[in-house]
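Novice: Now for the letters of each chain:
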Amino acid sequence: MSTTDITLGALLDELAEESLVTPISEKPLPSTLTSDADVEQTPWYVKVLVGISAWIAALLLGFFFGVAGLIDTTESLLIWGTLLMVAAIVLKRWRPRAIFWGQLAFAVILAGQGLFVFGMADLSQDATLTALIVVGLELVILLLYPDSIHRTLSILIMAGALTFVVYEQELPNLIHLLTLVVAVGSVAVWQAESWLLAGPLRAFRTPLGYGLVLALFGLCLLTLGGWFGATLWWISAAGLALILLYLIIQILRDLGFPLMSSMGLWAIGALLLLCVPAYQTPGILAAMLGLLLGRWRGNGLLLGLAAAFLLFFLSAYYYNLEITLLNKSYILMATGVVLLAAWWGLRRIATGGTA
Amino acid sequence: MTDLSQRQATPERLRHLATLGYLDHRALATGLQRIGATPDAQAWARFLHYFLLTLGALFLTSGIFFFIAFNWDELPRFGRFGVIEGAILVTVAIAHWVGLSKLGGKIALTVAALLVGALLAIFGQEYQSGADSYTLFANWALLIAGWVLIARFDLLWVGWLLLLNLALTLFWQQVYPGDEAPVPETLFALNVVGLLLWEWLDGRFAWWTHRWPARLTALGAFGFILWPTLTNILVFFDNYGEYLETVPLIHRIAPLIYLGFLAIVIWVYLGLRPDLFMVTIAFFSIIVVLTTLIGRALIEVDEILTYLVTSIAVIGQAGIAVTMLRRIQRRWEEAT
Chain A
1 MSTTDITLGA LLDELAEESL VTPISEKPLP STLTSDADVE QTPWYVKVLV
51 GISAWIAALL LGFFFGVAGL IDTTESLLIW GTLLMVAAIV LKRWRPRAIF
101 WGQLAFAVIL AGQGLFVFGM ADLSQDATLT ALIVVGLELV ILLLYPDSIH
151 RTLSILIMAG ALTFVVYEQE LPNLIHLLTL VVAVGSVAVW QAESWLLAGP
201 LRAFRTPLGY GLVLALFGLC LLTLGGWFGA TLWWISAAGL ALILLYLIIQ
251 ILRDLGFPLM SSMGLWAIGA LLLLCVPAYQ TPGILAAMLG LLLGRWRGNG
301 LLLGLAAAFL LFFLSAYYYN LEITLLNKSY ILMATGVVLL AAWWGLRRIA
351 TGGTA
Chain B
356 MTDLSQRQAT PERLRHLATL GYLDHRALAT GLQRIGATPD AQAWARFLHY
406 FLLTLGALFL TSGIFFFIAF NWDELPRFGR FGVIEGAILV TVAIAHWVGL
456 SKLGGKIALT VAALLVGALL AIFGQEYQSG ADSYTLFANW ALLIAGWVLI
506 ARFDLLWVGW LLLLNLALTL FWQQVYPGDE APVPETLFAL NVVGLLLWEW
556 LDGRFAWWTH RWPARLTALG AFGFILWPTL TNILVFFDNY GEYLETVPLI
606 HRIAPLIYLG FLAIVIWVYL GLRPDLFMVT IAFFSIIVVL TTLIGRALIE
656 VDEILTYLVT SIAVIGQAGI AVTMLRRIQR RWEEAT
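Order-wise, the sequence lines are chains A and B. Per the working numbering, the first sequence starts with residue 1, numbered consecutively. Per the working numbering, the second sequence starts with residue 356, numbered consecutively.
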């Protein structure tokens with residue numbers, strides 16, 4: 001996303017003129033602005049390096065506990081798991097900005113969770129109960145362990161565990177409810193991005209924002225496999241269409257276009273048309289939601305994730321056995337025609353100069 | 356240190372100021388909009404133009420491919436060729452009509468290039484040409500080379516490189532199967548050539564606007580050269596006595612090629628053409644190589660110790676890498 005070349009001083013002067021900030025002469029910029037430890041400043045690929053390294057280290061640590069004979073009983077799994085998690089939380093809170101200790105804590109908490117969950121599964125002998133315990137455990141870790149990468153992971157694990165509960169309890173159509181809750185959460189977090197960043201919940205903006213969108217994409221992949229047992233995918237599609245409509249209304253409002261303007265009617269028309277081919281494939285609508293959210297918030301990473309999901313979804317769609325190849329071809333061609341028609345409509349409006 | 360107020364207002368800095376409590380949510384939202392981080396009506400129009408046209412073409416082309424796949428047996432021979440050749444003619448005509456300076460024209464030509472692959476596949480199956488499948492990809496790449504040159508579209512260039520990768524992989528599998536073939540080394544070389552080409556195009560031509568092709572290609576190059584490098588480490592410790600007989604010369608020199616490539620990547624992307632992504636993947640490759648080396652060497656001594664030491668080694672290396680990357684990032688940011 002290209003941005004305008006303007007200095008912080010000039011921008012803050014402009015904002016001060018509109019009484020949005022205290023003039024820079026009265027309130028100098030904080031010296032911690034240059035801090036290299038802030039997570040907002042760390043590029044996504046460095047975070048990926050941190051995450052992958054922590055996973056590898058956690059796996060090796062888990063093997064160490066296994067091979068060393070420290071975890072030969074259910075009790076030892078639970079005790080070591082708990083100890084490792086507590087140690088990691090204490091370490092992270094004690095040295096929140098130290099990179100080496102942060103890496104160590106990340107690997108230790110992953111290993112601890114693995115041991116604890118295996119212990120719980122062994123103890124309860126009940127898959128649903130274990131999955132619910134995982135949800136509770138991740139909720140606790142989400143609150144206590146102050147790391148945005150792990151918090152993102154916690155949200156994904158919680159979504160995965162809830163999906164497993166729905167599957168295990170043979171209530172597959174509850175997945176639509178979960179999908180819609182996650183989709184509403186995604187839009188709510190990105191809509192409230194500025195409020196979250198400037199408020200006391202700032203540490204949760206990144207994990208909630210990316211975690212919920214990634215969870216939504218993951219849930220929509222369930223449409224591709226008959227093994228899950230869910231039907232009635234039109235419920236998810238209809239709900240996502242309503243959420244998309246809400247998002248479009250918000251974007252139009254931001255831009256100052258009334259809903260009944262030519263632009264507003266074009267946007268709603270395009271969405272309604274898109275719903276026709278996508279009524280059984282909520283993945284297409286989820287990708288659109290991700291793309292629009294990414295552009296709305298000027299977030300290149302979110303845009304990239306949504307684009308990558310769309311490409312993956314289309315590739316995997318070919319192998320979906322629930323719909324015949326002929327129907328899939330109709331759905332794809334119709335979606336393509338709708339998008340091209342929407343493009344043509346937009347050009348007509350733009351050249352007409354109406355809003 | 357320069358005056359903080361003279362630094363460029365970037366979205367990251369504004370968000371950081373908000374997390375420090377310097378900006379409230381209204382000031383942050385207005386600031387982001389003022390610097391163009393969140394789109395105005397014109398930016399939305401540009402985005403939607405690109406988005407709708409690209410996705411529309413993608414969906415329509417995928418649909419056509421699916422349709423042909425479904426109706427394969429029902430369609431008569433001329434029908435099969437007719438549909439594809441007709442689609443190629445239409446898309447080329449659209450590209451000509453719209454013009455290759457516009458996105459619509461570029462996308463139409465890209466779709467035509469994809470359809471050439473479908474045409475070759477149909478030809479191969481219809482006439483049972485018996486040729487190896489690498490010839491399909493090689494011919495495909497050859498036939499669309501002219502379009503790639505004139506399209507002035509980075510996406511099509513990357514697709515073309517992908518085709519060449521596929522053709523080369525299949526060539527080795529089908530013509531010279533076995534461990535002796537320099538599969539990863541030649542794929543590495545191909546991607547390095549691609550990377551050099553992208554870097555040459557970048558900055559020289561206004562239509563080459565993205566960094567992702569160079570980054571993706573560098574990632575591929577690292578992956579291909581890491582493959583024989585790690586194999587060397589594992590084979591060396593597995594069978595030290597027969598190492599020279601087991602590993603062909605071309606694979607034995609792969610670690611040296613890797614080290615040379617690593618040094619060049621770090622030198623170029625730290626100084627000549629600053630790019631933190633490239634430095635990050637270079638550092639990550641070092642972590643992979645060192646971890647494999649430590650783990651494989653130690654396992655001969657003590658299995659329990661191996662897991663513990665390797666785990667700590669990964670944590671330590673990642674910690675050092677992240678510290679260095681953040682310092683580099685900070686140094687570059689301070690310069691803007």
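In short, the hints are calculated from the structure, not lab data. Careful: at least some of the hints might be erroneous.
If we take Cβ atoms under 7 Å as the criterion, some of the chain B residues that face chain A in the derived model are [unchecked claim]:
{"id": "1", "residue": "Leu-403"}
{"id": "2", "residue": "Tyr-405"}
{"id": "3", "residue": "Ser-417"}
{"id": "4", "residue": "Ala-424"}
{"id": "5", "residue": "Trp-562"}
{"id": "6", "residue": "Thr-564"}
{"id": "7", "residue": "His-565"}
{"id": "8", "residue": "Arg-566"}
{"id": "9", "residue": "Leu-663"}
{"id": "10", "residue": "Ala-673"}
{"id": "11", "residue": "Val-677"}
{"id": "12", "residue": "Leu-680"}
Okay, the calculated beta carbon distance ranges per label pair [to be verified]:
{"id": "13", "chain 1": "B", "residue 1": "Tyr-598", "chain 2": "A", "residue 2": "Thr-231", "range": "54 to 60 Å"}
{"id": "14", "chain 1": "B", "residue 1": "Met-679", "chain 2": "A", "residue 2": "Ser-31", "range": "29 to 35 Å"}
{"id": "15", "chain 1": "B", "residue 1": "Trp-555", "chain 2": "A", "residue 2": "Asn-173", "range": "51 to 57 Å"}
{"id": "16", "chain 1": "B", "residue 1": "Trp-562", "chain 2": "A", "residue 2": "Leu-171", "range": "40 to 46 Å"}
{"id": "17", "chain 1": "B", "residue 1": "Arg-566", "chain 2": "A", "residue 2": "Leu-326", "range": "45 to 51 Å"}
{"id": "18", "chain 1": "A", "residue 1": "Ile-52", "chain 2": "B", "residue 2": "Val-445", "range": "20 to 26 Å"}
{"id": "19", "chain 1": "B", "residue 1": "Trp-622", "chain 2": "A", "residue 2": "Asn-173", "range": "55 to 61 Å"}
{"id": "20", "chain 1": "A", "residue 1": "Glu-26", "chain 2": "B", "residue 2": "Ile-505", "range": "55 to 61 Å"}
{"id": "21", "chain 1": "A", "residue 1": "Ala-350", "chain 2": "B", "residue 2": "Leu-552", "range": "33 to 39 Å"}
{"id": "22", "chain 1": "B", "residue 1": "Ser-456", "chain 2": "A", "residue 2": "Ser-31", "range": "47 to 53 Å"}
{"id": "23", "chain 1": "A", "residue 1": "Ser-124", "chain 2": "B", "residue 2": "Ala-618", "range": "49 to 55 Å"}
{"id": "24", "chain 1": "A", "residue 1": "Phe-228", "chain 2": "B", "residue 2": "Tyr-598", "range": "32 to 38 Å"}
On a predicted model such as this, the values are computed, not experimentally measured, just so you know. Idealized CB from N, CA, C, for every residue including glycine.
Novice: Let's test the interface hint: is any C-beta of chain A closer than 7 Å to that of Ser-417 of chain B?
Specialist: holds, 5 Å
Novice: Does the closest beta carbon of chain A sit nearer than 7 Å to the beta carbon of Arg-566 of chain B?
Specialist: violated, 11 Å
Novice: Given a hint of 49 to 55 Å, does the C-beta separation of Ser-124 of chain A and Ala-618 of chain B actually sit inside it?
Specialist: holds, 54 Å
Novice: Has the hinted range 33 to 39 Å been met by the Cβ atoms of Ala-350 of chain A and Leu-552 of chain B?
Specialist: holds, 35 Å
Novice: The hint names Val-677 of chain B as touching chain A; please verify it with the least Cβ-Cβ distance against 7 Å.
Specialist: holds, 5 Å
Novice: For Trp-555 of chain B and Asn-173 of chain A, compare the CB-CB distance with the range 51 to 57 Å and indicate the outcome.
Specialist: holds, 55 Å
Novice: When you take the CB atoms of Arg-566 of chain B and Leu-326 of chain A, is the distance between them in 45 to 51 Å?
Specialist: For Leu-326 of chain A against Arg-566 of chain B, whose Cβ atoms are near 40 Å apart, the range 45 to 51 Å is violated.
Novice: Do the numbers back the hint for Leu-403 of chain B, that is, is its least Cβ distance to chain A under 7 Å?
Specialist: Nearest chain A Cβ about 6 Å off; hint holds.
Novice: Between Met-679 of chain B and Ser-31 of chain A, does the beta-carbon spacing fit 29 to 35 Å?
Specialist: violated, 23 Å
Novice: Under 7 Å, Cβ to Cβ, is where Leu-680 of chain B needs to be relative to chain A, so tell me if that hint holds or is violated.
Specialist: Given a least distance of 5 Å, the restraint on Leu-680 of chain B holds.
Novice: Hint check: is the beta carbon of Ala-424 of chain B less than 7 Å from a beta carbon of chain A?
Specialist: Nearest chain A Cβ about 6 Å off; hint holds.
Novice: Less than 7 Å between beta-carbons is the criterion; does Thr-564 of chain B satisfy it with respect to chain A?
Specialist: violated, 10 Å
Checked against the numbered hints listed earlier, the structure breaks hints 2, 5, 6, 7, 8, 14, 16, 17, 18, 24; every other hint is satisfied.
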